[in-house]
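Please construct the entire structure, taking both the sequences and the accompanying hints into account.
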Amino acid sequence: MGACHVIFDGGSKPIDFNRSEAEKLRAAGTFFWLDLEQPGEEDFAILSDVFDFHPLALEDSENFGQRAKLDEYGDYVFLVVYGANPDDDRLVEVHCFYSEHYLITLHRDETPAFTELRARYAKQEAPLGDPPRLLYRIVDSLVDSFFPVLADLDNRIDELENAIFVKADDAQLQEIFAMKRLLVGMRKAVTPQRDLFASLMGGVDQLPGMTEEDERYFRDVYDHLIRISDLIDTYRDLLTGAMDVYLSTVANRTNVVTKQLAIIATIFLPLSFITGFFGQNFGFMVRHIAGAPAFLGLGIVLELAALAGLLVLFKRRGWL
Amino acid sequence: MGACHVIFDGGSKPIDFNRSEAEKLRAAGTFFWLDLEQPGEEDFAILSDVFDFHPLALEDSENFGQRAKLDEYGDYVFLVVYGANPDDDRLVEVHCFYSEHYLITLHRDETPAFTELRARYAKQEAPLGDPPRLLYRIVDSLVDSFFPVLADLDNRIDELENAIFVKADDAQLQEIFAMKRLLVGMRKAVTPQRDLFASLMGGVDQLPGMTEEDERYFRDVYDHLIRISDLIDTYRDLLTGAMDVYLSTVANRTNVVTKQLAIIATIFLPLSFITGFFGQNFGFMVRHIAGAPAFLGLGIVLELAALAGLLVLFKRRGWL
Amino acid sequence: MGACHVIFDGGSKPIDFNRSEAEKLRAAGTFFWLDLEQPGEEDFAILSDVFDFHPLALEDSENFGQRAKLDEYGDYVFLVVYGANPDDDRLVEVHCFYSEHYLITLHRDETPAFTELRARYAKQEAPLGDPPRLLYRIVDSLVDSFFPVLADLDNRIDELENAIFVKADDAQLQEIFAMKRLLVGMRKAVTPQRDLFASLMGGVDQLPGMTEEDERYFRDVYDHLIRISDLIDTYRDLLTGAMDVYLSTVANRTNVVTKQLAIIATIFLPLSFITGFFGQNFGFMVRHIAGAPAFLGLGIVLELAALAGLLVLFKRRGWL
Amino acid sequence: MGACHVIFDGGSKPIDFNRSEAEKLRAAGTFFWLDLEQPGEEDFAILSDVFDFHPLALEDSENFGQRAKLDEYGDYVFLVVYGANPDDDRLVEVHCFYSEHYLITLHRDETPAFTELRARYAKQEAPLGDPPRLLYRIVDSLVDSFFPVLADLDNRIDELENAIFVKADDAQLQEIFAMKRLLVGMRKAVTPQRDLFASLMGGVDQLPGMTEEDERYFRDVYDHLIRISDLIDTYRDLLTGAMDVYLSTVANRTNVVTKQLAIIATIFLPLSFITGFFGQNFGFMVRHIAGAPAFLGLGIVLELAALAGLLVLFKRRGWL
Amino acid sequence: MGACHVIFDGGSKPIDFNRSEAEKLRAAGTFFWLDLEQPGEEDFAILSDVFDFHPLALEDSENFGQRAKLDEYGDYVFLVVYGANPDDDRLVEVHCFYSEHYLITLHRDETPAFTELRARYAKQEAPLGDPPRLLYRIVDSLVDSFFPVLADLDNRIDELENAIFVKADDAQLQEIFAMKRLLVGMRKAVTPQRDLFASLMGGVDQLPGMTEEDERYFRDVYDHLIRISDLIDTYRDLLTGAMDVYLSTVANRTNVVTKQLAIIATIFLPLSFITGFFGQNFGFMVRHIAGAPAFLGLGIVLELAALAGLLVLFKRRGWL
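Chains as they are written, first to last, in this note's numbering: chain A, 934 to 1253; chain B, 934 to 1253; chain C, 934 to 1253; chain D, 934 to 1253; chain E, 934 to 1253.
These are computed hints drawn from the structure, not numbers from a lab. Among these hints, one or two may not hold up.
What the hints assert, rightly or not - Listed next, the in silico PhoX-like pairs over lysine-lysine satisfying Cα-Cα at most 20 Å (straight line):
{"#": "1", "chain 1": "E", "residue 1": "Lys1100", "chain 2": "D", "residue 2": "Lys1248"}
{"#": "2", "chain 1": "C", "residue 1": "Lys946", "chain 2": "C", "residue 2": "Lys1056"}
{"#": "3", "chain 1": "A", "residue 1": "Lys1248", "chain 2": "B", "residue 2": "Lys1100"}
{"#": "4", "chain 1": "C", "residue 1": "Lys1100", "chain 2": "B", "residue 2": "Lys1248"}
{"#": "5", "chain 1": "C", "residue 1": "Lys1121", "chain 2": "C", "residue 2": "Lys1002"}
{"#": "6", "chain 1": "E", "residue 1": "Lys1248", "chain 2": "A", "residue 2": "Lys1100"}
{"#": "7", "chain 1": "C", "residue 1": "Lys1248", "chain 2": "D", "residue 2": "Lys1121"}
{"#": "8", "chain 1": "C", "residue 1": "Lys946", "chain 2": "C", "residue 2": "Lys957"}
Following this line, the structure appears as structure tokens:
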């Protein structure tokens, strides 16, 4: 397993997570926050034994790739929330066991936001006495981590659009497609999370020890989640638009090129036919076009007349 | 910070916003409207100290880019509303602290509608005695500012459509795309605002001191917001349609040009083959096509017959 | 202002609408229907003074381009309904002030349905005693006027589809686009109207003096509005389909034309190369191809062999 | 009018529908099912007089093209339901007047399902004593008639898809479009019918004399309607997919053909230029290329070198 | 019929399903699970007689191709659930009759999950005493069988996308289309199943003997169904995206190829015209171009100048 930190009223320290440490924490009776990075099988066994969690909650907590959700189990809840980070899929999945006596967070990916938060609590800048407020801070830091990631996407889409207008190529398509996948993934993480906080606001779900003032704070989280989910939808729309622009631009370019080809062929195929005609070896013809008038009339004037006729034709069709 | 105006029962005046002015206003006990343009950090500190606003409300009010919303905090509410102006993103975001004793509006962009409103109150054309009615006037002026902006878009879409039918080019695509972005932005501003007034109408949210007669006025605002949101959706549909027309027009033009190319090649490649054939230097052939009949028969009639055959073919295919 | 008609229990007559006439009608105490075509500022002033309407209702009634809606104001309601007529946008907007004592209808466009209705009441074929029934008849005549307009659209879409399969051109695209706009406009008029009658059926809104039997009649109007709104959606779908067909047809035609071009070029470019080859002035070559066998072998058989080879190739590719 | 059948407790017989027969049936007091095919004006007059139906119900029953609906009128209901048959639009519209004393069905198109049902009742295989069960059987037979029609569509879509991959042409497009229209029509008939039975299940609407056990049966009908409506949506999706495949296939074919054209032109235009060059009549050149080395070097090797160069180029571009 | 297994408290055994066995099981009074693979007409007759099921439930159970649903019939329920397997349509449909006394499962396709479950019960690893828990295990094993099938699809879509960028061909289109059909089918199976468990959670439907603790387990199933349904929607989106990429890629390739063609034609058609010009047999011209300067000037320099001019033109258009 990875690092493990425990934050309690007196400060914050990294610990070696094992059965006796867990039992000590449980027995102490004061609220603590236990953060486990990359928990292993053994760790789950300890949690199961010491905290007596429901098998379904434990099973869910072991399997990453859950939907954001809040399952109530008597005096504790099991909570799955998502944040963003700069890795491949841009997502961090955090599993929380939360009660009025403890908050246990489990995650596989790194969560820079937590480091900062731990530092604040270590310096005792914020009292730990208010469990829902701590949960709020954790969820808030996760939710707010989406904003910079989305701002990056916004800029990248802008650049892509401009690049497509300059020169459309496959690499752009691949990037559009990759960003769409990313947004599909983020949407799948954010939408249930938004709905979760909606039902928390509506009183459908309940957090242990939550006061009306805490609710104001979670309402703020909810508000941010709506904005994030709106942004994701907006970017999806913009990417679809970029795809349309790609297609339209390419179609337009093909049109321009084809027109160019048609003009060249329409001018030179007839003219070449004329030169070909007088390049034939019919003795009769060769004998009759030997003089200067024939060359000027049939060799020069006829070509120029044909050219003039074609230019008039193009003018009329609006091709020139 | 930018300009600051205070409107009270006796008139309207620009003031230098500072702590003592704020305390004087607060202490006076009569209803006033304080409008702060481009508020700075200092101004928020004063608001926090003098009016004792909730930290969450203050935090939101400092960060522009909020969703339209109404958060109730005991005897005052924090309200985010959007209006339109002619700048880049066409949007003005206004943050309001509203209670029965004061209305404080904060905004970064210029709001021409407010200037006009201040003038009316300065001339005492309207009494300030009715706080909800003032809030209505402010919101109404913001909401109605969307109509001229949308009417401009409507005209521009009309022009674009006609231009595409005449000659499709990349600049139109870019404009369509830019307008789509604009509408996406406006939609994101208007939809939550519409829903906000819907829940105000439905009694889910409440404004301090609002009477049934005031409700009629806010119902009118709600009605306008529905129309605006419908218009935005309509224009999005029209832009999507314009994109389709772009693609269809280009595809059709390419078809016309390709057909022209095919006709030219189908006529002149076979004819040129014939002239090429009789341009060969096979001594046997040259000796046998020396006379006038060979020239007329193989040089002229054969070409004309080939041409006639091709024209018949085109006729049958409906290409001419 | 345009024509003004008043329909009362004894019959129907055109009147000059002015203050005294209005006051007389108001004072008479019996139910009447007053129809004002193209009402002017003056007319609204009279209505305001004599009938004492709410300023919001009056403001709405002066501005055409409202959403269909029903606003209750104590003992009267303000109602906006739409019908169809053959003009440019196919829509008639009618504003109604309705109470148990009067029905005042205001409109700008001509409403042929009203003429007919007036004639019926003038001949006293129907008693005026039942205000909701009169309102029903007016709304019903407006709503039913959509059906012939939609039937026309249906026929036109059918014709367009067939025309596209025969020969796709820009004019069809423009017509598809124009019809889409028309439908978008009709949808914007019909959908809120449908929802209005839905909430009238659901008891959310109420009409003064409406009985259960009247409700049956308005349920019928509601039913028609659902059908109209379904038809509009259907036609929008069909137009989208027609657009797709346009694109598909053009793409297919381009494919056919391009294939034709490729076949011609693939046959004649190689053959012409051969004739070009033997048209070269290399003395050595010219001396060696002077005899009949050279002409037959290289000039005729080689060309025919090349042609045969190409035809076999096309056959294999399924191009012939 | 068309055929008329009456089914009563003792059996089933075709009758001449007229006023006296109608009155006799009405007076008998026992439950009967009267089925009128292609009812005429006269028939509606008799129904109006003898059964005293509400004018709105009668008006609706005379106009085919209604939405599926259930209108309650005191002790009877007016019901519009749709079934499928093999005619042009695949739909049969049946209007029912249903009470605990009679069931009157009116339809214009043939309904094979009814013939079978009549035969069963004539043979007294099922007692007529239970009016809701009879109504269930009628509705069930109509609803189930959609399944074979939809299965046919399913097969046809499968065949179309395969055909498009083999060779895309306009006839397939026309068929896709025709099937889309058909499905749009069926959807318009089925969706309101499904919602009707949903509100019957939810207790919003009520059928005279319906027991809980009857409800189980109607729940079954509702279940089938959901499946039908799902199938229609599925087929619409598949047709949209088929359209996409059509476009993609055509685009791909055009690409293949264009590449072929480009290859041919890229090979033969340069080679032909070389032969053209040495076909020129510059005396100086002709004199210098008279020998065998010139022919071999410039006439043969140069061409082969050019060809080799082009093939290398194609290889690099992945065109061969 | 296929295999039949019975699982009771003491273990699990395959049995020959017949009337006397069925009656014995029914009479024993202890809970049992009877699993019938590919039940025949006869088997349904036995079920009908021995268990006295409602004719509607029996009819539904005989017809595979039902929607997932839960129909309550007094003390037992009829349940239709779907799982996944590796066959053609990836679906297994299981019909269950469930009461507190028995669970009877009927299916046509093989269900590997059941074999495993039977093995567990045979070894008495889990007590059979808790009927809802058994039902949960069965449903859970069916629902979870979707995950590996969907993971396969995910991988395949990834591969397809990459393949399209490398080389777009019809086989990919056919596979995209086939996968879309598969997902449409899975969606039709999963969506109603998800809604079924939603209404089971919401208390709309009820399972005999279900406790609050059982509900937790079914909530877990519900959670998985939401994830599956989300995944299906995601893959549909990705396939639509893949289709778009296909079209965009092909359009782009066509553009590249057409440009290549246009460049070749624009270079060689003019140059060939020049060679053709000097290949003409005008005696006058031939006599005047006999010297070395003519050859160098008109034969070499003129060609090179033309070529240089064309290259400049391409440069300006950004084609090179």
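The hints, checked one at a time:
1. E:Lys1100 x D:Lys1248: Holds, because 15 Å separates the two Cα atoms, which is no more than 20 Å.
2. C:Lys946 x C:Lys1056: holds, 11 Å
3. A:Lys1248 x B:Lys1100: holds, 15 Å
4. C:Lys1100 x B:Lys1248: holds, 15 Å
5. C:Lys1121 x C:Lys1002: holds, 12 Å
6. E:Lys1248 x A:Lys1100: It holds: about 15 Å lies between the C-alpha atoms, which stays within 20 Å.
7. C:Lys1248 x D:Lys1121: Distance ~47 Å between Lys1248 (chain C) and Lys1121 (chain D) Cα, so the pair is violated.
8. C:Lys946 x C:Lys957: holds, 15 Å
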